[in-house]
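Colleague: Residue numbers (the working numbering), protein chains in the order written: chain A, 8 to 159; chain B, 35 to 533.
Since the hints were made in silico from the structure, they are not lab data. C-beta atoms are modelled at their ideal positions from N, C-alpha and C, and glycine is treated no differently. Some clues are possibly wrong.
From the derived model, a few chain B residues whose C-beta atoms are all more than 10 Å from chain A [as the list claims (entries may be wrong)]: (1) MET116; (2) LEU150; (3) VAL159; (4) GLN172; (5) GLN229; (6) PRO284; (7) VAL414.
Facing chain B, from chain A, some residues (calculated, C-beta under 10 Å) [to be verified]: (8) GLY17; (9) LEU23; (10) TYR38; (11) GLY41; (12) LEU59; (13) VAL65; (14) ALA76; (15) GLY89; (16) LEU99; (17) PRO102; (18) VAL109; (19) THR113; (20) VAL131; (21) PHE143; (22) MET151.
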Amino acid sequence: MRLRPVDGQGFGSGLLFAGAGILGLILAGGYSMGTAGRMGPGYFPMLVSGGLTLIGVVLLVRSLRIEGAAIAPFNWRVVVCGAGAIAAFGVLIRPAGLVAAVAALTVLMGLARPGARWVEIGVVSVVMALFCWLVFIVGLDAPMRLWGRLGA
Amino acid sequence: MIDNLALGLGAAATPINIGVALIGCLLGTMIGVLPGIGAVATLAMLMPITYGLDPLTGLIMLAAIYYGAQYGGSTTAILVNMPGESSSVVTCLDGYHMAQKGRAGAALTVAALGSLFAGVVGTLVIAGFGPMLAKASQSFQSPEYFALMVFGLIGSIVLASGSLLKAVGMIFLGLLFGLVGTDATSGTMRYAFGQANLFEGIDFVVMALGLFGLPEILRNLEGNADSERSRIATVGSLFPSRAEWRRAIPAALRGTGLGAVLGILPGGGSVLASFASYAVEKQVSGQPQSFGTGRIEGVAGPESANNAAAQTAFIPMLSLGIPSHPVMALMMGAMMVHGISPGSGLIDKQPVLFWGMVASMLIGNLMLVIINLPMIGIWVKLLRVPYRLLFPAIAIFCCIGIYSVRGEAFDLWLAAGVTVLGYLFHRLNCEPAPFLLAFVLGPMMEENLRRSMLLSRGSVSIFLDRPICLALLLLSVLLLMVAVLPRVRKRREETFAED
Numbered sequence: 008m009r010l011r012p013v014d015g016q017g018f019g020s021g022l023l024f025a026g027a028g029i030l031g032l033i034l035a036g037g038y039s040m041g042t043a044g045r046m047g048p049g050y051f052p053m054l055v056s057g058g059l060t061l062i063g064v065v066l067l068v069r070s071l072r073i074e075g076a077a078i079a080p081f082n083w084r085v086v087v088c089g090a091g092a093i094a095a096f097g098v099l100i101r102p103a104g105l106v107a108a109v110a111a112l113t114v115l116m117g118l119a120r121p122g123a124r125w126v127e128i129g130v131v132s133v134v135m136a137l138f139c140w141l142v143f144i145v146g147l148d149a150p151m152r153l154w155g156r157l158g159a
Numbered sequence: 035m036i037d038n039l040a041l042g043l044g045a046a047a048t049p050i051n052i053g054v055a056l057i058g059c060l061l062g063t064m065i066g067v068l069p070g071i072g073a074v075a076t077l078a079m080l081m082p083i084t085y086g087l088d089p090l091t092g093l094i095m096l097a098a099i100y101y102g103a104q105y106g107g108s109t110t111a112i113l114v115n116m117p118g119e120s121s122s123v124v125t126c127l128d129g130y131h132m133a134q135k136g137r138a139g140a141a142l143t144v145a146a147l148g149s150l151f152a153g154v155v156g157t158l159v160i161a162g163f164g165p166m167l168a169k170a171s172q173s174f175q176s177p178e179y180f181a182l183m184v185f186g187l188i189g190s191i192v193l194a195s196g197s198l199l200k201a202v203g204m205i206f207l208g209l210l211f212g213l214v215g216t217d218a219t220s221g222t223m224r225y226a227f228g229q230a231n232l233f234e235g236i237d238f239v240v241m242a243l244g245l246f247g248l249p250e251i252l253r254n255l256e257g258n259a260d261s262e263r264s265r266i267a268t269v270g271s272l273f274p275s276r277a278e279w280r281r282a283i284p285a286a287l288r289g290t291g292l293g294a295v296l297g298i299l300p301g302g303g304s305v306l307a308s309f310a311s312y313a314v315e316k317q318v319s320g321q322p323q324s325f326g327t328g329r330i331e332g333v334a335g336p337e338s339a340n341n342a343a344a345q346t347a348f349i350p351m352l353s354l355g356i357p358s359h360p361v362m363a364l365m366m367g368a369m370m371v372h373g374i375s376p377g378s379g380l381i382d383k384q385p386v387l388f389w390g391m392v393a394s395m396l397i398g399n400l401m402l403v404i405i406n407l408p409m410i411g412i413w414v415k416l417l418r419v420p421y422r423l424l425f426p427a428i429a430i431f432c433c434i435g436i437y438s439v440r441g442e443a444f445d446l447w448l449a450a451g452v453t454v455l456g457y458l459f460h461r462l463n464c465e466p467a468p469f470l471l472a473f474v475l476g477p478m479m480e481e482n483l484r485r486s487m488l489l490s491r492g493s494v495s496i497f498l499d500r501p502i503c504l505a506l507l508l509l510s511v512l513l514l515m516v517a518v519l520p521r522v523r524k525r526r527e528e529t530f531a532e533d
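The following block holds chain B by itself, in its conformation from the complex:
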């Protein structure tokens, strides 16, 4: 592993790769700080720009934006009581109360250092566990991949919030949208309505921005986002007291462990990790009622957990080729544009790419602490920019991002349509994340189903005869059943009802 990390460091420590990692970290922190724009939208917006870069350079930048956003999100949560990023929702609870007591600086420091520790551990988990998983999956064939995708999709809805039935519906709808375009095997046009612009399918940049970036702007236009942002707490001293350290360190350790495990699970990711860590800290403390009044554990735990999860979420994508949530689906899309297919062969065939990314994550996490702590004043200033000046800028960047994919005005009309659909999903309380995952996985699922059935000459038994495949399918069924059980269902609602 040391040799490999050295190889990676050699690739990641070139001036250009350090430069893009820094740009990515800065951008990530910025969008993390700003409420109203998330990591999915930013990645989708900037993806076309990275197409022109070297694959490793492009991926380093995209990855840095994603984990950078996890750091930045805590700043807004602590200082303004608004989550800058969805994974920072729970940080508001105790972080803002700490800020009101004049301990904002301590909360920020604990969040940043906890994130650094968790980020480094998470990255080392990728380095250790990724290759192992890739090796184990080398014997996988189409039936296993199909089962793995089913497992991933089911996982994404079981661990998410909201109605299960609707989430399953969103998966099917996403699969259907994924089928638009030319069928790779027969060359038949499907669901293209005779539109030449749809022959290659709907681009995922259009879909991601139409579902995540643009509807968010519409929702903010409806509300009055500016009035809530008038009160920004003062930062104060950045140094936590000795008592604060003593309580924060164990919480950060627990959060890191929990986040690293939950990040690997399909659908897990950083949001779930932060919620789960908060729940654990409440239990462990023995005085759950004191949470929400400014306990430092309530900041240290969840902030470490979300960063650990943000890192380990790369594992299933890099070593199995299965993205566990929308950000990973986008990263995978970006790799495929460069002709790199993530999966069991990636680490062997592209060691420089894999280890370069891992090494750059270590560098990036170090940069982020510097970006977040000594430079906190800049981010506070950014928070004072009123939203009504920001949203045209966000919308313009989205539009330019969509247009840069292939220079077609049609994609913008399509995006306008998808935006209305995204707005409707929100009104119907339907989660867009499973939709986007299914949209990306759809064509691969069809391909693997086809190949499996070709192997077995049309008999479904092929999925039951292969042990790993059967195990994955059984696990999916089990997950689904567990989620339907009334007790778990209630727990699930409680976990997500914290805010």
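Next comes chain A alone, as it looks inside the complex:
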């Protein structure tokens, strides 16, 4: 048996499932199990985590033998900018308000690709902020403020 995985995607999924399953088992150990007739809060999590771990291990073992596709490399720039843009919206929306959150998201998303067009990003930010203000704050009365605490 070779120890280098030939099925990269299978190996990765196996690792993910087994890892999550083992973490689930460890944490479930802290909840009371109860009996089959009177299940405690730990019973079902144990079953689910156990099943998940089992499938993860099977996938890991299989990936060493069965041919499969490799995992395409992560495009880190896109992942970091994309997830960062959403997180930034979350950080800014309450203290700084809609305008700042929209601008931050648009700029970060714009940075995800090489050759950012700054004029376009500026225009999109302004138009989107205006549109969202009209639709969500004026129209739908969503729980957001245009300028947040800083401007009020």
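Chain B: place on chain A using the hints.
Modeller: Okay, now just chain B, sitting in the frame of chain A:
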């Protein structure tokens, strides 16, 4: 049934309900036309808005978005050779070739009218079959519901594409994520890591957008979505020729029948229906090699099938409380927010809601033909908007949707994390649909398992002693075994390898 439909029409034909149905149809067509944003993401994004509406009004809008997207998806497939919606993948094959031959208008007309017919038939199937199924399931208790959920989850992976083992893993992972939060029976915090924000569990809007809407944006940022969209075929005359009608009508009828049946099955839904219909049309024609060169049957069949399936997929959700795919899981979530629990009691207890939805589907399908055919020019213009201007808008709407659920910044950080997870799933070729279904069903499965085992004082035999329950479990095992058989496996791969 006529009385009931009249009752429903009375509820659905109020100015506000017709208004939201129209808005829903327009939005649905728009997202259907635009590649890069699907029905799951749009529904999740708009769901918080509907919380403030009357339940029937909110549901009418959400449903209209979903079936509207089935119409809009065909426009992009035919004119640009890109599926606007995953259920329109096969429409590209012949639809775009028709467009190149100058028959785009005919293809669009056939797709829209086929969808109208299928939509109306599908809705009537809901009206006829839904109450029957609900009545049959009135004797169901916890063991049956548990077995039904197992059947639904297994069905969702057997009929989907990709590796079975991974799909089962995704189910377990989804169940695990569904357990986060306070255990309803004992009050114990589970998998909350001491975070007060997780005590109520992870909101499904966060999960749906993190798995379906936002990773899609990341993937589009990686590729070069704009270069492919430069060529938009011209529409031409909207009227099919007599020969085209003659070939399209039987195909639309077959597609409708096939779609209506497949839509009811767990995991079936509109994607499978369109693929299956294309395969059937190829067989029936006797000249399979001529498909992919612009045969009108290849547009009429699948487009009717996906719309019929989009309608009948409501049946298991409304009458059993079991969602068959992610869109239905979202609809069910929206109902539960309003304190309505879908299931066998729904039609009896909330006749106005059920029949109102059915009636609004009939109205909505009529609206969609008008929205799609005479207004086609507007949608073509929309297709010319470059993607790099659209994705910030989509991302902002997603973020506002998540934030509106309960006004917590934490949910956005969580969504950022789930987005990375969703991106990883895609890299690992793991389907997110079974994950989301299991996430929604998880707490209900636990509850029903607990109650069943309490009834039987801890003996598993309760699942084997009850005939319906046993039958459902046996069916699940059978489904799983069939999927593992080499021959079926090969067929399954072929069916999904069309694109």
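Colleague: List in ascending order the numbers of the hints, as given earlier, that are violated by the structure.
Modeller: Hint check: nothing fails, all pass.
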